[in-house]
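*Asks:* One-letter residues, chain by chain:
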Amino acid sequence: AQTVTQSQPEMSVQEAETVTLSCTYDTSENNYYLFWYKQPPSRQMILVIRQEAYKQQNATENRFSVNFQKAAKSFSLKISDSQLGDTAMYFCAFMKLGDSNYQLIWGAGTKLIIKP
Amino acid sequence: DAGVIQSPRHEVTEMGQEVTLRCKPISGHDYLFWYRQTMMRGLELLIYFNNNVPIDDSGMPEDRFSAKMPNASFSTLKIQPSEPRDSAVYFCASSFDRAYGYTFGSGTRLTVV
Chain A
1 AQTVTQSQPE MSVQEAETVT LSCTYDTSEN NYYLFWYKQP PSRQMILVIR
51 QEAYKQQNAT ENRFSVNFQK AAKSFSLKIS DSQLGDTAMY FCAFMKLGDS
101 NYQLIWGAGT KLIIKP
Chain B
1 DAGVIQSPRH EVTEMGQEVT LRCKPISGHD YLFWYRQTMM RGLELLIYFN
51 NNVPIDDSGM PEDRFSAKMP NASFSTLKIQ PSEPRDSAVY FCASSFDRAY
101 GYTFGSGTRL TVV
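Top line first, the protein sequences correspond to chains A and B. Its first residue numbered 1, the first sequence is counted upward by one per residue in the numbering used here. Its first residue numbered 1, the second sequence is counted upward by one per residue in the numbering used here.
Accuracy of the hints is not assured; some may be wrong.
Cross-link-like lysine-lysine pairs, in silico, DSSO-like; alpha carbons within 30 Å at most [what the hints assert, rightly or not]:
(1) B:Lys-24 to B:Lys-78
(2) B:Lys-68 to B:Lys-24
(3) A:Lys-96 to B:Lys-24
(4) B:Lys-68 to B:Lys-78
(5) B:Lys-68 to A:Lys-96
(6) A:Lys-73 to A:Lys-111
No lab work stands behind these hints, which were simulated from the structure alone.
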């Protein structure tokens, strides 16, 4: 069974700093997707970035980028030039390919606080 | 598209009452998911549908919970009778391609007193 681990329950940084959130996962699958979701105080779950395991190039979306290390089963999220609006819970999630299963396996989340 | 629409946004009910949560997925999304989120247990998948057919309901906590999807644009999650331990935020999400993950609704915060 797949598992996702986020080892940092809470982090805080100053506005404009760069912060990296860690995520590791355990799977015997070779093909899968990885996601980072953000849940701000408004509670809406928002997809931040996604990565296909068969792509070696790390995904980027504006100030958000990932460091995907397939062999190490690591999928960290880097937020550059952090803004107050980045304050949220961040969840890492895994979905395997190859069958009709659409289930996401979730980490426990990291609470990120951006201080002014 | 207006996204995934859930109603109500908040629900407060007395123990023993029936509660119905509603969801309208994004048009064209073949998959629909119901999640429950609590501080203690995090995000829990309750049930999901593909083309209106329930695929996996192993996460439904007990017989008091039921979910239906009568058509591609509407789903309900019903709790009867409700109990205080059912208090949580309930999310509906939909998806058309697993490569893009899910799109979530704003959730319903349920409080059973």
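*Asks:* The structure should be examined with respect to each hint, and the outcome stated for every one.
*Replies:* Now the hints, each set against the structure:
For the given pair, B:Lys-24 sits about 15 Å from B:Lys-78 by alpha-carbon distance, which is consistent with the 30 Å threshold. The hinted pair formed by B:Lys-68 and B:Lys-24 meets the criterion: a straight-line CA distance of about 12 Å does not exceed 30 Å. With a C-alpha separation of about 26 Å, the suggested pair A:Lys-96 and B:Lys-24 falls inside the 30 Å cut-off, and the hint holds. The straight-line distance between the Cα atoms of B:Lys-68 and B:Lys-78 is roughly 8 Å, inside the 30 Å bound, and the hint therefore holds.
About 26 Å separates the Cα atoms of B:Lys-68 and A:Lys-96, which keeps this hinted pair within 30 Å; it holds. Proposed proximity of A:Lys-73 and A:Lys-111 is supported: the alpha carbons are some 22 Å apart, at most 30 Å.
Consistency with the previously given hints is maintained throughout, with no hint failing.
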